[in-house]
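2 protein chains.
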Amino acid sequence: MPVLQRLGIIGVGLIGGSLALALRRARPTLRILGIDVDARALEQATDKGAIDSSAPPERAPVAECDMVVLAQPAQTLLDSIVPVAQRMRPGAVLTDVCGSKEAICARAAGQERVVFIGAHPMAGTEFRGFAAASPALFTGATVAVCPPVGARDDRGAPVNLVREMWLAAGAAKLLDIEPSDHDRAVTFASHLPYLAAAMVVDSLSRASDLVPLASELAAGGFRDTTRLAGDGTVGGAAALNRHVPAAARELAEQLRLLADELTQTPEQVLDRLGRLAEARRRMRLPPVTPSR
Amino acid sequence: MPVLQRLGIIGVGLIGGSLALALRRARPTLRILGIDVDARALEQATDKGAIDSSAPPERAPVAECDMVVLAQPAQTLLDSIVPVAQRMRPGAVLTDVCGSKEAICARAAGQERVVFIGAHPMAGTEFRGFAAASPALFTGATVAVCPPVGARDDRGAPVNLVREMWLAAGAAKLLDIEPSDHDRAVTFASHLPYLAAAMVVDSLSRASDLVPLASELAAGGFRDTTRLAGDGTVGGAAALNRHVPAAARELAEQLRLLADELTQTPEQVLDRLGRLAEARRRMRLPPVTPSR
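Protein chains in written order, with the working numbering: chain C, 68 to 359; chain H, 68 to 359.
A portion of the hints provided could be inaccurate.
For chains that are exact copies, the list does not tell them apart, and a pair is met inside one copy or across any two.
The list that follows gives simulated cross-link-like pairs (lysine to aspartate or glutamate, DMTMM-like), each with its CA atoms no further than 25 Å apart [unchecked claim]:
id: 1; residue 1: Lys-115; residue 2: Asp-133
id: 2; residue 1: Lys-240; residue 2: Asp-276
id: 3; residue 1: Lys-115; residue 2: Glu-125
id: 4; residue 1: Lys-240; residue 2: Glu-283
id: 5; residue 1: Lys-115; residue 2: Asp-105
id: 6; residue 1: Lys-115; residue 2: Glu-231
id: 7; residue 1: Lys-115; residue 2: Glu-131
id: 8; residue 1: Lys-240; residue 2: Asp-133
id: 9; residue 1: Lys-240; residue 2: Glu-169
Hints were generated in silico from the structure; no laboratory data involved. None of these values were measured; they are calculated from a predicted model.
Please construct the entire structure, taking both the sequences and the accompanying hints into account.
See below:
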């Protein structure tokens, strides 16, 4: 089985930067090329020893890489798949970190130059950029891995390269999953919680005269409920997920019904809320990890 | 100034139990009478040394107490104000911990036997009952304190007793506030975040075939966003808050509009979500406290 020798990472922000830092630690001999539109991010990543060389996207020598990881914001990532693939060595491996997989894998299936393996590490924070990157970001994380598409070369070796990269970066579990199953599940696991959190922040922002007082009265509940609203990586992925609008409309409708019930049958609402608290307790949620 | 000698706490669950434990530590000579419909909770509280004596509500010697704290679920608490006041010594002090204050203080203003001071400690967890109580629950917390109502005796001393009790229990800040200002602010700081969290759990529960997969794909985002949905003390308070239904309807409408925009103008949605992430960062949110 081929060993990964030269890796390109396009986008050295929170996710790409953390991946570089983690691989630097786990695979000291791996050569990592950092690619970013932001020269300062490249400088920071170089200073921290996360990358061996750096380049802006238009001049990056991606043809020299065995594998390239796309780690830009979702829409930019989607749009870069085909152009980057065309500049890579035929049969090389292209992969990504986007939180939506159907649109990404479908776009990648439209080229036959490289083997593309869509992946999604389940990790993030409310902070952004290389400054927030940590070699421990993926420690213990689950990484969703989609079936290979694109070039019809031997696809087994590329899949293994991607899997080994995430295990080396600290992932505890690799979950083989079809893009559509992934997107339906993350709609509820991530994208709806994100949109609800953002709209709660929006509600408070609109009642702007109450912001100082509400901030004083906010115990941990507001902070926790809205933490996800600060995770910039989720919004772009949610916008690419075709299952999200219908689910958000249904969530809005349920919230509207709840508001009506609160004025008409508050006891029934409390029973229902109690059952939902129980339902949440029965869900197997990941344990709390210490804040970085 | 009179010193508090004998305190009654009605409801020795998470909040009342934590208050008893904290006061036991800070004021070892204070006699605490624990009152609860649940004999097992009283037994646990006695075993842990949180209370000196115990009684069921109907037989509790509240006339022997200088002050009584109502710490039951919101609707029960509201309904108990007048009956409990009638059994107390005239001019004694009655206070509470409910997360809504307008309905509570209005009800208490309808009696003149005791001085009532509505209060609301900003603290909670997703766990319930005396088993989850901790002497550190209120450490560093803000406690909202409303103006006295009810008996027209000297009201200064009662206010001081309530303030001193919360400071002794660990509160870092006492916030004097009118009940209506309190309820408008907690609508956004607590009650809407709670209802949004509950409805996100509801959405996932409805897509029941996806629960196992979504649980595997849930990074910390789902857990944090929905944590508040498990806090049973918030729902009852939200149901008593007259500002909540309109705010929940507006939140639902904004979420519906967002769903439409996601299909029509995704770039604009992402700009807006980015601005909301910034708005959240500018809010002065309480620091993360370690999980108990």
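Each hint tested on the structure:
1. Lys-115 to Asp-133: within (23 Å within a copy, 63 Å between copies)
2. Lys-240 to Asp-276: Intra 46 Å, inter 21 Å, cutoff 25 Å: inter-copy only.
3. Lys-115 to Glu-125: Result: close within a single copy only, 24 Å intra versus 68 Å inter.
4. Lys-240 to Glu-283: between (40 Å within a copy, 10 Å between copies)
5. Lys-115 to Asp-105: within (16 Å within a copy, 58 Å between copies)
6. Lys-115 to Glu-231: within (24 Å within a copy, 51 Å between copies)
7. Lys-115 to Glu-131: Within one copy, since 23 Å is at most 25 Å while 67 Å is not.
8. Lys-240 to Asp-133: This pair counts as within: shortest intra-copy Cα distance 24 Å, inter-copy 58 Å.
9. Lys-240 to Glu-169: Within one copy, since 21 Å is at most 25 Å while 50 Å is not.
Against the hints set out earlier in the document, no violation occurs for any number.
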